[in-house]
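*Asks:* From first to last, the protein sequence lines are chains A and B. The first sequence begins at 1 in the working numbering and counts up by one. The second sequence begins at 1 in the working numbering and counts up by one.
Derived by calculation from the structure, the hints in this document are not laboratory data. For clarity, every value in this text was computed on a predicted model and none was experimentally measured. Every residue, glycine too, gets a C-beta built ideally from N, C-alpha and C. Treat the hints with care, as some may be off.
What the hints assert, rightly or not - According to the in silico footprint, chain B covers these stretches of chain A (three or more CB under 8 Å from chain B):
no., region
1, 360-373
2, 489-497
3, 500-509
To be verified - No more than 27 Å apart at the CA atoms, straight line, and that leaves these computed lysine-lysine pairs for DSS-like:
no., chain 1, residue 1, chain 2, residue 2
4, A, Lys651, B, Lys635
5, A, Lys357, B, Lys580
6, A, Lys537, B, Lys349
7, B, Lys645, A, Lys537
8, B, Lys124, B, Lys349
Number of protein chains: 2
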Amino acid sequence: MSLTFFLIASIIISFLAFGLAACLYAWVKKLPVSNQRIQYVGGLIRRGANTFLTREYIILAKFVGVVAVLIFVFLPTPIWKNSITENLTMALAYIFGALFSAVAGKIGIQIATIANMKTAESAKTGIRNAFMAGFRGGAVMGMAVVGSSLLGVSLIFLITGNTTALLGFSFGASSLALFAKAGGGIFTKTADISADLCGKVELGIPEDDPRNPAVIADNVGDNVGDVAGMGADLFDSNVASMSAALVLAVSIDKSLGGAVNAGMVFCYAAIGLLASIIGVATARIGKKGDPTRALNSSTYVTTAIFGILTALATWVFDYRWEIWGASALGLIVGVVIGITSDYFTNDNKSPVHKVAKASESGPAFTILSGISYGFLSTLPALVGIGISALGAYKLCEPLGPGYAMFGIAMASVGMLSIVGMIISNDAYGPIVDNARGLAEMGDLGDDVLEVTDTLDSAGNTVKAITKGFAIGAAGLTVIALLGAFISEVNQAATELGLLDKIITGFDVMNPIVFFGMLVGVAIPAVFSAMLMLGVNKNAQRMVSEIHRQFREIVGLKEGKKGVSPDYDRCIEIGTHGALKELIPAGLMAIILTILVGFIGGVQAIGGFLTGNIVSGLLLALFMSNSGGLWDNSKKYIESGANGGKGSEAHKAAVVGDTVGDPFKDTAGPSINTQITVVSLVASLMSTIFLTMSIFG
Amino acid sequence: MSLTFFLIASIIISFLAFGLAACLYAWVKKLPVSNQRIQYVGGLIRRGANTFLTREYIILAKFVGVVAVLIFVFLPTPIWKNSITENLTMALAYIFGALFSAVAGKIGIQIATIANMKTAESAKTGIRNAFMAGFRGGAVMGMAVVGSSLLGVSLIFLITGNTTALLGFSFGASSLALFAKAGGGIFTKTADISADLCGKVELGIPEDDPRNPAVIADNVGDNVGDVAGMGADLFDSNVASMSAALVLAVSIDKSLGGAVNAGMVFCYAAIGLLASIIGVATARIGKKGDPTRALNSSTYVTTAIFGILTALATWVFDYRWEIWGASALGLIVGVVIGITSDYFTNDNKSPVHKVAKASESGPAFTILSGISYGFLSTLPALVGIGISALGAYKLCEPLGPGYAMFGIAMASVGMLSIVGMIISNDAYGPIVDNARGLAEMGDLGDDVLEVTDTLDSAGNTVKAITKGFAIGAAGLTVIALLGAFISEVNQAATELGLLDKIITGFDVMNPIVFFGMLVGVAIPAVFSAMLMLGVNKNAQRMVSEIHRQFREIVGLKEGKKGVSPDYDRCIEIGTHGALKELIPAGLMAIILTILVGFIGGVQAIGGFLTGNIVSGLLLALFMSNSGGLWDNSKKYIESGANGGKGSEAHKAAVVGDTVGDPFKDTAGPSINTQITVVSLVASLMSTIFLTMSIFG
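Bound conformation, chain A alone (with noise of 0.2 Å):
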């Protein structure tokens, strides 16, 4: 078949995905909320997360628009050495990436804060009702992730023909991801520390009451950085893994001539979306009722049948099996992955009971025992992601040449094919999390609560699993990255007539590279302290305004009936922190990059990236994994373990919380972006790396 035929089918396949989301959309949304309270509460929160969205996609606009005019004028080379056309086609695409996401980001937002009310509402018919709200809620955000990442991809290639331009539209869905995932990580915690300080722990009011002027934020955080946030990661990793992909297979296409592999690329990325589309169509609720089966069993029905429609095809399209192979190789890793990363997070296991019998000496101890299992959970993961890169590529090595790398490249793509239904089960998350704080606030009643927290528990299962495997996917992406990047490297060489620089890896012995990984190691570190270090401060910002209004507005620490508190003015706050701690990082990350780059060339480049790549998965293993486990700590005590609530070992989990919030909700998940906003840097600038530095 022709690639052409495959560039339609993907896109015919991302309207299915759209028209999907439709129906669900359409479905839940004409679900009933006759509950006022839920209604006014909900409203204000919905309208928190688009103030928080349109600021952040305005500061976004002028962002990318400077970044769109920097790549018009200097890439993929200095617009005086090259045709305006290909600079122009560039800038575009990268446009065009931040703007896909950005609008899947606005979908996932509009249907979750629908679907949490319509969630607790259901609740009150029962489990089975409510569960459909919360998933199919879920999954019009993944339907529009995919879809919109499939459709983009397909369709700049379709027009351009060119992997290059597909390297700026992944670049644009990276910068977004960077803002949406470190931007509402930042924001999400700030507000969530906050409201406890000043709530909690200051006045002694509850969790959600709604005389905290930063009630309203904390409830919107879980959206912005869950829904928004976490979606745009993945249509990030989605987006960067099939570039990197074709890149590749582009590179090996024109020594054979033909595009089979381009058409594989697109046949198996339609193929997982399509395994999604039906897995979330044909989602159920068991007769027992139990959701985390539920949602499990989706999972494993889309795996499967992506493992057989993949087959099918190769089989058909007489593809090579060694390719089929690695790519099913990459999706049993990620499934493993994740059930490392539950058990070390799950509060039927080992960690989680040590860590809160470590909780009854004191904080200390339960810092202390939760970072020594953070660091075990390191070793399977790193493995994992090891083996599976190992197996593809002596897989896929005897194929020829380049093909290698192309199998490392289909193994993320594998395990990134069920990515719908991963998006999907995650927005189901704060969604149900949501639906129970409203059905507190609407006193729905015992009952309707006991549904929701059953919904909310099965909801932070999931979440610990689909962590794990957005870090495996990240980290064999950028191993494929890496191989783009070479591939780049080198077509701009033989363009170049540059034939001695022509690169074919990277020596750690040669002391360039050396040199590039040890800065490289330390970028992680780096970014997460200043992501962790700007929630601090912008907490700092909060509380002061916390305490202005309940110091200025007359009645509202006494809950005088009509005097309620600015929220927006809160939302507004953690939104500007945000952004602005969110800024300095990023750039500390592009600009370390660059100077590297422009010190020792791309030989230093590659180094760099190594050396990226694998304290990234470190810190990002280590910090998902260790604040995964503190958070559960806390539940099991909670739950009556080792004291209960209200005991030492509870005092002593709480502070574990605390510093495990910005771990697996800042910091952590957002070293993935970090790492793919590098890669992709390096890759476009490759020319200007080749041509301009001082070692290289």
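With the hints as your guide, set chain B onto chain A.
*Replies:* Below, chain B alone, put in the same frame as chain A:
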């Protein structure tokens, strides 16, 4: 000059160092101690430290025995394929490496546990005398360690003329360092935490109350962790850097004929020791009596003497100035890294103030800000190591093949040249710390306490610098060891006629290398986690022993005259537990190295070592600096800032300090040793990995 000349000179200078050590030992010993209480408690500490050492050395002797037999049978090549002599030499060299380091450690403990009493007593006559007692006590250790490391390396080289045997000697030193540093680190924090938990927290008795059964163990811990542990660590680094330099030098010399470069290594190392001898012998405290200044100025004097004398030698013996430059660069970067560590942990600087400020919001913020600054602190040090490696390589590359890597090795020799001075300063710390405790227990009065406090605070400041220095030195040394590994592999490949297996480097785009790297990256994290969990488990054992004593020894709790606790039992438990917890961690690192080698051969090992080095440096810097930062933040608050002692901020800072203790005294500094051990195992088994591996 002939190589033999430099070998003889090195041996003579080693004995000069021993002579100075003996003089200083005699000088300290003849200082008077009249206070009976000091004599009593000091005697207990001395006996306890010796109990630990004896226990440690017994277990070590078994371990060394087993490993020596394994070496004899398998290394450098299995005995059935090789002459017995070579394997026997290797096994003996290994035993000597462990033995030399053990003797130096024993001497250090002997003097430190006398000097603490003498310093306390001398403090009655003012700061100058007390400083000299503390400093000269530390200097005995410094001279013993560096003298015996130079002597050992010279003798092995003189007798065998074999660099492989040197690696055996170095591996012996590393084995001991692993026990001394990691075992001592677990012991000291076990005792510290248990004593605090049962004494200060549960019973409300003061820090150094003699009723507490763990109080002597706590004081013993300072000596075994900081004197014996740090000494063994730097003995190890020093031997490893010389060995790596010699392996590379001999390989160059072989191709050129002669032994110029090997001679140069000994020349520089001997000058380094000579400079330290002069620095120690001329150290005086100024009229103002500022001990920090006295310590720093003798370090600068040593640095300057080394720079001048090596320049002179380079001129006289007609060495290459480029190599002198590399070595000077290493030394300068070492000092710079020390200064950076100081910035992040000094209580006059911003990070400490910010962590103290954050502590006002509770322990979670102490932890978050401390971790963040710890992460930030890794960047300058990693960049520094990168620049010195790159600079040394580029300086020496034009000299011919092999010189580039030799330049890096000489940079690490340069960095470690002043190690005699560094150890002297470092051992000074626990001596004056102990002296402070003794002065308090001996009721020497406030004037004396003021003197010992000043001495102690200087010790803490200097400690931060030496820790940074030790990590930097280890970083350069292991890069050089990577070069030595390649050199060993190629020598074996040539001898075995496996010319296709000769390696020039490790390409990260080779998936075998990348696989090894991902596993290597996880090792320091897992190793640290095992040590920290070990401290936790061991502390539980000691706490229950303390509870037993209070329950069963009649009159102990009430402080009845003549009733004293069973201090030895606590020391026994701490010692036994520390070594028990350490062994699985050490074996994990070694077994995974062997596993990776058998799976992926020398290429996987190259990646493994690289990953291990970069993640080890990252985590060691992070943990040491965060730990130091928390310690000093607590002290800063205790000095009256942010609410002072007893405030909420202080309570939060105590949590930070407790987390930081195993960070900075157990896990962080042990990572150095772990990296060196793994590198040496890899080098020693290079022939085996070359001929037997699945994917290699």
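*Asks:* Given the hinted pair lysine 124 (chain B) and lysine 349 (chain B), is their alpha-carbon gap at most 27 Å?
*Replies:* The hint is violated at about 32 Å.
*Asks:* Please work out if lysine 357 (chain A) and lysine 580 (chain B) have their alpha carbons no farther apart than 27 Å.
*Replies:* The hint holds at about 22 Å.
*Asks:* Does lysine 645 (chain B) pair with lysine 537 (chain A) here, judged by a C-alpha cut-off of 27 Å?
*Replies:* The hint holds at about 25 Å.
*Asks:* Is lysine 537 (chain A) close enough to lysine 349 (chain B), meaning Cα to Cα at most 27 Å?
*Replies:* Cα-Cα ~19 Å, so holds.
*Asks:* When I compare C-beta atoms, does the region 360-373 of chain A have three or more residues closer than 8 Å to chain B?
*Replies:* Satisfied; 11 residues make the cut.
*Asks:* Check whether the Cα positions of lysine 651 (chain A) and lysine 635 (chain B) lie no farther apart than 27 Å.
*Replies:* Since the Cα atoms of lysine 651 (chain A) and lysine 635 (chain B) sit roughly 24 Å apart, the hinted pair holds (cutoff 27 Å).
*Asks:* Taking 8 Å as the C-beta cutoff, is the stated coverage of the region 489-497 of chain A by chain B satisfied by three or more residues?
*Replies:* Our answer is that it is violated, as 0 residues pass the Cβ test (under 8 Å) against chain B, missing three.
*Asks:* Okay, the region 500-509 of chain A and chain B, do three or more residues pass the C-beta test at under 8 Å?
*Replies:* It holds: at least three residues are needed, and the region 500-509 of chain A offers 6 whose Cβ sits within less than 8 Å of chain B.
The earlier numbered hints that this structure contradicts are 2, 8.
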